[in-house]
Amino acid sequence: MSHPTEPALHPDQEPVRYLHAHFEDDRRFPWGKLWGYVGSLALTFAAFGAVAQHLWPPTALMTLILGLAVAQAGLQLGVFMHLRESRGPSWQIAGLALALFIAVGLVGMSIWVMLFKSGVS
Amino acid sequence: MQAALSYLLHTLFPPTVLRPTELGADVLILATGVIIVTVLTRQKKWGWLWREWLTTVDHKKIGVMYLIAAIAMLFRGGVDALMMRTNLALPSVHFINAEEYNEVFTTHGTIMIFFMAMPLIFALFNAIIPLMIGARDVAFPRLNAVSFWLFAFGALLFNISFVVGGSPNAGWTAYPPLTELAFNPGPGEDYYFMSLFISGIGTTITGINFLVTILRMRAPGMTLWRMPLFAWTALCTSALILFAFPPLTVALGTSLLDRLFGASFYTLGHGGMPMMYVNLFWLFGHPEVYIVVLPAFGIFSEVVATYARKPLFGYSAMVLSVIAIMVLSYGTWVHHFFTMGAGPGVNVFFGLSTMLIAIPTGVKIFNWIFTMWGGRIRLTVAMLYQLAFIPTFVVGGATGVLLATVPVDYQLHNTYFLVAHFHNTLIGGTVFGLLSGLYYWWPKMFGYKLDERQGQWAFWLFFLGFWITFGPQYLLGLQGMTRRLWTYPFGFGWHELNFISTVGAYIMGAGFLVLVYNVLWSMQHGERDLTGDPWDGRTLEWSLPSPAPEYNFARIPVVTARDAWWAMKAEGRANQVKRVRPEEVAALELPRNTGMPFFLGLGFFIMGFGLVFRWWWIGIAGIVVVLASMLWFGFDYDDKKHVHPDVIRRTEAALGRLEA
Amino acid sequence: MSLPLERELEGMPLEFANHEESIKITGFWMFLVTDVLIFASLFALYAVYQGGMGGGPDPAEFFHLGPALFETLLLLTSSFTVGLSIWAMRRGQTRAMTAWLLVTLLLGAAFVVTEVSEFVADVAQGYTWHQSAFLSSFFALVGTHGAHVTFGILMALALLVQLSQRGLNAITARKLFTFSLYWHFLDVVWIFIFTVVYLGGKLT
Amino acid sequence: MAQKGFRARGWWKWGALATGLLAVSLTGCGPQYVLLHPAGPVARDELNLMVLASIAMAVVIAFVLALLGYVLWRFRDRPGNPAPYRPEWTHSRWLETLWFVIPALILTVIAVPMVGQTYALAKVPPKSDPLVVDVTSLDWKWLFQYPQSGVATVNYLVIPTGRPILFELTANSPMNTFWIPALGGMEYTMSGRVLPLWLEASQPGTYWGRSGQFSGVEFEQMFFQVKAVSPAQFQAWVNQVKGQAPAMTLADFRRLESPGTVGTITYSAYPASTFPAVTHGFTLDGGMYMVMSNRPEENQPGAPMSMSSQPKASSAAHARSVAPSAGMSVQPMKMPMPSSTPMQ
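Residue numbers (the working numbering), protein chains in the order written: chain A, 1 to 121; chain B, 122 to 781; chain C, 782 to 985; chain D, 986 to 1329.
Excised from the complex, chain A in its bound form (with noise of 0.2 angstroms):
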């Protein structure tokens, strides 16, 4: 069909087959999605129970229950969200990559601009 010299296709017009392996397999019954839904229940049970009982001291506690969060946020994308799927490159992941880099850099260095360590002293 295509010429000797004729160039690389554009991704989207290139044949699926390496494509097709993102893709979910929706032929058997969904245990990833039941398993990723009860492991999400248990992060949020597991932060919400070191709050209660005041396991461990404020700061390390965020610490901990942000890292639960993180954690079940990763859970979503990768469980449900789809996130690889794509025809061609999967852009989103750059794109959300990137956002996060910036969204937690926002947060970060706002909050550290707004401290007012002026420092005349």
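Since the hints were derived computationally from the structure, they do not count as laboratory data. Keep in mind that this is a model prediction, so the values were computed, not measured. Note that CB positions come from ideal geometry on N, CA and C, so glycine has one too. Check the hints yourself; a few may be wrong.
[Unchecked claim] Here are a few chain B residues that sit away from chain D, every Cβ distance over 12 angstroms (derived from the structure):
no., residue
1, Gly154
2, Gly406
3, Pro432
4, Met476
5, Leu533
6, Trp642
7, Asp650
8, Thr681
9, Arg683
10, Lys699
11, Leu711
12, Phe756
[Unchecked claim] The calculated lysine to aspartate or glutamate pairs, modelled on EDC-like cross-linking and capped at a C-alpha distance of 16 angstroms, are:
no., chain 1, residue 1, chain 2, residue 2
13, B, Lys761, C, Asp839
14, B, Lys182, B, Glu705
15, B, Lys762, C, Glu801
16, C, Lys983, C, Asp839
17, C, Lys983, C, Glu842
18, B, Lys761, B, Asp650
[As the list claims (entries may be wrong)] Only part of the chain C face toward chain A is listed, based on derived beta-carbon distances under 7 angstroms:
no., residue
19, Trp810
20, Ala828
21, His845
Fit chains B, C and D to the given chain A structure using the hints.
Just chains B, C and D now, with coordinates in the frame of chain A:
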């Protein structure tokens, strides 16, 4: 002596009773409106206007509408600038009063950034990007129209503030607490926040649209590393919009909640911090600088390669530096408020990050110069803007490094040095770039060239006017003149340089008039572009007829190299693209025109207007129109029109591109 | 040049098999990217204003963990059910798909009702957003999320109507898929609201 | 043909432009260039850094201009141009590395002292105890309070030479910046915060200060005069004020709070509650701050945050000047004249 002169000036320019600005604007708007309505009615053009333009989803037409709106806004912002400069020409001039001056500098900044630079960029994106990457349209043609109408109605809402109720008057940055209800009870700031909120949604949609267009709709073979630089900068600009406009939306939204619904985000008595608004605003505001300047970098990269007849030097370095600028631009925003007292740690961090961003910019400058090295430089008007850009922008960048040097910024912050600096980058970078792009792509957009000789006149007036205006302002900064002063007394020694600066501003104004004359004259007498490739171009848009047919490409080209069209011409394959065999033409689906985007924008406009005046029922009516338009959008499955191959064959035959 | 290997497209989910619809999915992801930044900005406001009580209540006395936990469970479950809806859609089981979508919608509605009643109770106690910057940023953050959920419910309703009119095709499949992305995303945002605002509020 | 003729004209214009700019910049030595004539250590340090950065940047600008001019002249599109046409020369790793590294080095030259200076300027020199001046920007006037001696001034400032002055900045109005260009850089004044800034005058003289942050309709009036005098003269001035000027009452302060302009005023004393001592943290009661609320009823007279006279709506009136409240000892506002001549 000075007292006498002061008295004379007062007599010549008495503290005004009439407001020339408002009155002039009223008369002008009314007259323009009457003329437009009369002409349309007498020519029986209302139906044509609706069918061909107001409901269009063709990216090329949307580009033209952006262009018209942007030029109109350039005029408005320019008149604002001249009013300011007139008032500052000599000490104690009361050409306009302080209130008017405050409104004028606010609208000047806001209009130039949001309603002139942004739409002019989108005009070129719309007109060129799909052609350049070998696509038939943008990814979301209807959303493209939505973007335009949100911008247009946002701009309209902003501009009617001059006529109805009062303009915003707290600067284009609108810092609280000056913009809080208690200090600013009039509707001006509501107009500001509301109109930017509305047009900001439109801009965000544009960002998504062009990002996806470039990522997903390139012609076969056009890998990212074969993309023209303008497409790269459009890609990065779109990404910047995606990340930068949300903080602005939140800053504007929270200010609106404060003003309209009594929230306490920035009210001091309730624990609010105005600096948090400033923080969010510049989280948007600094990337915004690159949103408006990166496309200019892209334009220059195309222009210099074309007119030097040489491929862009250091393509990979250029692309990487664009990406570096994109990422770094999120880490520099605090340099807009080093003097807030955030402490040396914060200031040093952001000072260093700002200096860091100068490096990729420097790389670009040298690459442009070395693109010319070993080339053959044709001094067209587009190229003149490029050549004017390099020194102007280098000076702007150098003074930027000065301002990034934290202790120096303590002295220069908010002075005329700063004013000169950012005009150097925004005019020298963005405006020169966009003008260069307009001269370059004008034949592609409209089918005729702009007259070169008149263009040179406009260029020299504009360029010299620019330096006469802003060169002295650096020195005024060193004399301690701070920005946003509506007048100043004798005795500071500021008047000489201010006078020169005002003269320069009028020269720039003359340049604008010549530019407009150039366009109007060329419309009648300009050289028609029958080849589609008047400049011996390098990129795919020049393989198309000027202007391109509605479907752009009868057959999508296959790209084999960077500077795809140049390579095709060099390999003698131009006709493979320029000629199409009848049997190669397939039926096409094109987006169908729709009034939905117009009504969506109208709904937002009604909502905004109602909320500005706290006429809640009008606001709710606007929201109902918005929701109804969105529902219409969701339920409209008949959004395509089918174009028969015969139609395409006929069109191509008429263009002389169909092989017999 | 025709699209190569139509055969390969078989087995690709409906919403991706159609080139144009697959582009819209990319676009929707990019919309979600902007929403990440919207919520990041609101989180930044909240984080900075956490101490800005200005005479209003402080976080520890203001928050009730019970309803927040209940809302979390509702949203987590609805995220699961919308996932099942997509699973059913890809198997072509339209009845199951619709049923799970309906369950999702009802759970979402329950979430909104719980949240609104919480807000009403707060306001009845005099805790309005006028009172302090802390409350302003709280209501803005949680309220923006709630508005997103409400909008999602409206989207799902419109989608149900379209599914009943047109059945499952590339367009409706893409719309359901993007709806599910939206819904999961709101779940992720809520996880952070629950953690930072409600649980974190108890730590201060 | 037209192009050729134009080119000749073009060079003319470039030359004229350069000459004009040079001529203008040669005037940059007069006393009105206040930033170039520092009168204190802070301003001097800042100027030194500015000079260093300017030289570095001038080198860059000159190099780019020369290079651009040369390239433009050598590779112009003219029949018979002997310069080689090399369209295949599209990159050079060596050159690109060079112009990545050299700007980085030049920026390092600026960055290193910048970091040091930024931290150094944040510290008051330990040599002596600084004079504390509490600064409040009001709509549209400056209030200066001297907690160590109890005197207060409006719209002018008297400071001793050779002694660091620690300014404690706050606002009772929208933000302003406090700036005395001859002495050093500016800093925001904002309600709800006290920000420190130190400056020092090394020689006696009359300087001027003003706000750099737009703050409303009378923003232009945010000028003040700074008189730097010898320590002995400063002490004499304080004693004189103590003996002769009236004391500020809370009612006086309320009048100062209300929007409007006044001339210069001197007070021998002021109520302690009109400026929050840094050591006491920040209190929002007592009406010290313009505690702004979006609810009009909370802004009525008598409410803790006095809002009795607000700036009018932007659309409202053309009368832009708000008359000073009655009862305030007002002298007509005199525009301070910049001067770097030492006081006699």
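Here is how each hint holds up against the structure:
no.	hint	in the structure
1	Gly154	holds (21 angstroms)
2	Gly406	holds (16 angstroms)
3	Pro432	violated (5 angstroms)
4	Met476	violated (5 angstroms)
5	Leu533	violated (8 angstroms)
6	Trp642	holds (16 angstroms)
7	Asp650	holds (19 angstroms)
8	Thr681	holds (17 angstroms)
9	Arg683	violated (9 angstroms)
10	Lys699	holds (22 angstroms)
11	Leu711	holds (38 angstroms)
12	Phe756	holds (40 angstroms)
13	Lys761/B <-> Asp839/C	violated (56 angstroms)
14	Lys182/B <-> Glu705/B	violated (27 angstroms)
15	Lys762/B <-> Glu801/C	holds (15 angstroms)
16	Lys983/C <-> Asp839/C	holds (10 angstroms)
17	Lys983/C <-> Glu842/C	holds (8 angstroms)
18	Lys761/B <-> Asp650/B	violated (31 angstroms)
19	Trp810	holds (4 angstroms)
20	Ala828	holds (5 angstroms)
21	His845	violated (13 angstroms)
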